[in-house]
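Participant: Read off the chains here:
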Amino acid sequence: MYVAVKGGEAAIDNAHTLLAHTRRGAPEVPEITPAQIAGQLTLAAERVMAEGSLYDPALAALAIKQARGDLVEAIFLVRAFRTTLPRFGQSVPLDTSAMAIERRISATYKDLPGGQVLGPTFDYTHRLIDFLLEAGAEVPEPARADAGDAVVAPRVTDLLDGESLIERETRADDAPAPDITREPMEFPASRDQRLQVLARGDEGFLLALGYSTQRGYGRTHPFVGEIRFGEVAVEFVPEELGFPVPLGNVRLTECQMVNQFTGSADKPPQFTRGYGLVFGQGERKAMAMSLVDRALRAHEFGEESGAPAQDEEFVLSHCDNVQATGFVEHLKLPHYVDFQAELELVRRMRAEYAAREERVEEEARE
Amino acid sequence: MALCAAATRSDLQAVLGTLAPISPAADLRVPETGLVMVQGRMGGDGAPFNVGEATVSRAAVQVGERSGFAYHLGRDQTKARLAAIVDALWQDDNRRAAVETALAEVEARLEAEAAVRAAQTAATRVNFFTMVRGDD
Chain L
1167 MYVAVKGGEA AIDNAHTLLA HTRRGAPEVP EITPAQIAGQ LTLAAERVMA
1217 EGSLYDPALA ALAIKQARGD LVEAIFLVRA FRTTLPRFGQ SVPLDTSAMA
1267 IERRISATYK DLPGGQVLGP TFDYTHRLID FLLEAGAEVP EPARADAGDA
1317 VVAPRVTDLL DGESLIERET RADDAPAPDI TREPMEFPAS RDQRLQVLAR
1367 GDEGFLLALG YSTQRGYGRT HPFVGEIRFG EVAVEFVPEE LGFPVPLGNV
1417 RLTECQMVNQ FTGSADKPPQ FTRGYGLVFG QGERKAMAMS LVDRALRAHE
1467 FGEESGAPAQ DEEFVLSHCD NVQATGFVEH LKLPHYVDFQ AELELVRRMR
1517 AEYAAREERV EEEARE
Chain P
805 MALCAAATRS DLQAVLGTLA PISPAADLRV PETGLVMVQG RMGGDGAPFN
855 VGEATVSRAA VQVGERSGFA YHLGRDQTKA RLAAIVDALW QDDNRRAAVE
905 TALAEVEARL EAEAAVRAAQ TAATRVNFFT MVRGDD
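Heads up: the sequence lines are chains L and P, in that order. So that you can map any letter, position 1 of the first sequence is 1167 in our numbering, and since no number is skipped, the others follow by simple counting. So that you can map any letter, position 74 of the second sequence is 878 in our numbering, and since no number is skipped, the others follow by simple counting.
Since the hints were derived computationally from the structure, they do not count as laboratory data. Please read these numbers as outputs of a predicted model, since none were measured by experiment. All residues carry an ideal CB built from backbone N, CA and C; glycine is no exception. Hints should not be assumed to be uniformly reliable.
Unchecked claim - Beyond 12 Å from chain L on every Cβ pair, some chain P residues (computed): (1) Glu836; (2) Thr882; (3) Ala918; (4) Val920; (5) Ala923.
What the hints assert, rightly or not - Example chain L residues on the side facing chain P (calculated, C-beta under 8 Å, incomplete): (6) Lys1172; (7) Asp1222; (8) Leu1225; (9) Ile1267; (10) Gly1280; (11) Gln1282; (12) Phe1288; (13) Thr1291; (14) His1292; (15) Arg1293; (16) Ala1319; (17) Pro1320; (18) Ala1365; (19) Gly1408; (20) Glu1420.
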């Protein structure tokens, strides 16, 4: 329990002024702008969008500046901001197969239709610190090649689908998905609810859980069927217009994980799937999400082993870093009364202990 | 409408500049910023699920007898209002051609930017070749 305490207003005001001063850093160094953060620390801003669950690059960049680069704090700011805005509605479901691809790779097919493009990736870099960046060296102009006609890049899962080697997604109807920000989730959760929670979940937490499945805590034997990143158009049907209007493009990363077989008495063995979709260029997050999505389907396939990544309630209740930081950091709030009570208790217990010791000693003497 | 969504505020200011004079626009709905929940599909092609929200600004105006609407990603309400005016002018058969001409420049620029991105991406295409192992 914590109680309201008074006092400290001046200290708080001064602390916030000091925070603003410290945030600014050395005055002789130029002040950073949100546009610089959005344009040059893009992946940080995109992580804030993904876990803040709000697509707005300029806002995410501003939040990072305000939070002095503390991304969880920035995510918190973005989540708080979204609560101040009215909801216009839900978009038309995105069509990721129509993505303007900036990166697309597959670890399962070398020559998949549409080909593989690396795009701007850290893969194959040597992970050596580049001191030229510190020196401000000129950046060479990127190479260009004939892009040809618009590349048609079918999903890898569609290739396997032709032979029924992989499970099909069911697309019975397009009823709007339940929204965990509107109706609290109950367990067991549906897969659409789980995916919403995972899409906004903490990258570090999901990465660790995904890793745990690879190390044997709920093995799923995953292959990266495909990872793609690029811009996808978002459409929305305003009530007053009644037809879909294009809102603009969002940058998204999609991961199709292809996992080992399942089958049953009435179904031949086939590959199963895990899915990841996140705002921005967030490959690690999309991969982790797809691993955890698949792990959470263990019950569906009758393969539960009690591993943490398969425990829906454990995963979904703890992957939100705003909730987690709120509860962990609330321990900083005054718990004076609570602690006073504990002090009383421990003093009484110690007195009882001393009295008992004394009695035992007296009895020994007699 | 897709073009207006992709255009910048200054693009739209320039477009409206070329279309002057324009009778004053009355707000049918005061420009407003809100949220649209972006839905994806499970596995890319399955049933919908919520990926996260996006900020969206909207405006509705009346210019003369025509009304125009705009819905865009982002928080730029001024831009949404400008786009709604462009939309209202486009509804007017007498001005549609002029609006499309003015937007053509924006379209050309956006297409050129997309073409550069596509060409830079294409240069990172992987061309696999198989090493043939000799028999002796």
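Participant: Hint compliance check: list the failing hint numbers for this structure, sorted ascending.
Facilitator: 1, 3, 4, 5, 6, 10, 12, 13, 14, 15, 16, 17, 19
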